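S.K.: Each chain, letter by letter, is given below.
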Amino acid sequence: MPFRIQKLSLGGNEIMKTISEADAIALIPDGATLMIGGFMGVGTPERLLDELVKQGKRNLTIIANDTALPGRGIGKLVDAGLVARTIASHIGLNPETQKQMIAGKMAVDLIPQGTLIERIRAGGCGLGGVLTPTGIGTIVEEGKQKVEVNGKKYLVEAALRADFALVNAFMADYLGNLAYVLTSRNFNPVMVMAADTTIVCAEHIVPVGLIAPDHVITPAPLVDYLIRNR
Amino acid sequence: MDAQTIIAKRIAQELKSGMLVNLGIGIPTKVANFIPKDVKVFFQSENGLIGTGPIPEEGMAHPLLTDAGGNPVTALPGACTFDSAMSFGLIRGGHVDITVLGALQVDGSGLLANWMIPGKMVPGMGGAMDLVTGAKRVIIAMQHTAKGKPKVVESCTLPLTSARPIDMLVSEMAVITFKDGKATLQEIGPGVTVDQVVAATAAKLVLPEKIPEMPL
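Line by line, the protein sequences give chains P and L.
Number 128 in our numbering belongs to position 128 of the first sequence; there are no gaps in the numbering.
Numbers given in our numbering equal positions in the second sequence, counted from 1, plus 230.
Honestly, the hints are just simulated from the structure, not real lab data.
Please read these numbers as outputs of a predicted model, since none were measured by experiment.
There's no promise every hint is true.
Said to hold, decoys possible - The calculated SDA-like cross-link candidates involving lysine to any residue, where the alpha carbons are at most 20 Å apart (straight line), are:
#1 Lys-350/L <-> Glu-96/P
#2 Lys-153/P <-> Lys-366/L
#3 Lys-152/P <-> Lys-246/L
Working from the sequences, and respecting the hints, build out all of it.
M.R.: So, in structure tokens, the structure goes:
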């Protein structure tokens, strides 16, 4: 673990020292649980996924909205056979995921998208889980606790956490404050909070102060590692 | 007029200015093409956008501005973006006025199956379960039969999407509503008779005295 000290003191201000994707991914052991931001590959930290494939990490559990397409986003990890379990809301656009699921090579847990994001949010916010009406009266309720609140039935959906969150942002500053653009925000700012270690890949890294306080979506203390841009 | 156009045109009439609307993929997406110019609707893409516009012209796409299928879209002036927790808070929290979705089966009480065929098609439910559970009004856009077999059935044999019944079904043959758990034939498609609709429907239909043709 060569990069235990992530924050560098400079001129009285603590700033973040960026690291290479190779060094960041080297922190991840085989068998780790990873949350990966993105929606059909949009807002996914592609450089981190390429590095996971390069380093050949095995037996991973992936928590993400979907597995994108073969050759794109999380699809690259599936193609390389690195994933033992996927927890997602939709895999319908990736035939390779379905193939590996049917062949018994990969376990897949399918979760309603709104439930998935709330379970992750709960995991990052210190909640044990959430109560949702989604899934009541369907096969999703099988094996789950049900409670009634004010006369309405809800499923108890447990919080989700991960060992690492691999996150994409549009802009970061050298403190680790993050801003996102357009539809690439999706699961990213929620996952940032729900993992033991957060690794962020940003399209642009700018000097501290250039992201206006009101435009910061993810506060700097939540970010552990920021990937150096080439 | 082909079946999909009939369905999309009829559903477009349900959309009123100021509504927040979520369209599913397939026929539902086509509804946007038939909204009158003076009707201003907010379209939501559940990947985090309100104010979704048409498909961009060639050379005008942005890789980080996409719909829920990951395809390029535009954002209209006044659009806004947000994360997935917000997006599904809008959906589950009853802030979406209308969702239009496709269906595999709808039963006589309005229960919907639209997300899997065990052993054949297991894509995952994506946002479908949250949309049907949480939207103020659920409208189904579907062809009335599949390979000659009724899709409106007595009881769904496929896994349900939600315990919450849909509000309205529009096919090329009929408009059916499900108030009080009863499938009621409200309108018939162009050139279709009530008897033909009844024959192509496997659920019991309530037939009011007057059943007009769809205004298209």
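S.K.: If a hint holds in the structure, say so; if it doesn't, say that too.
M.R.: Hint check:
For the hint pairing Lys-350/L with Glu-96/P, the CA-to-CA distance comes to about 15 Å; that is within 20 Å, so the pair holds. Simply put, Lys-153/P and Lys-366/L have alpha-carbon atoms about 18 Å apart, close enough for the 20 Å limit, and the pair holds. Restraint check for Lys-152/P and Lys-246/L: the C-alpha separation of about 30 Å exceeds 20 Å, so the hint is violated.
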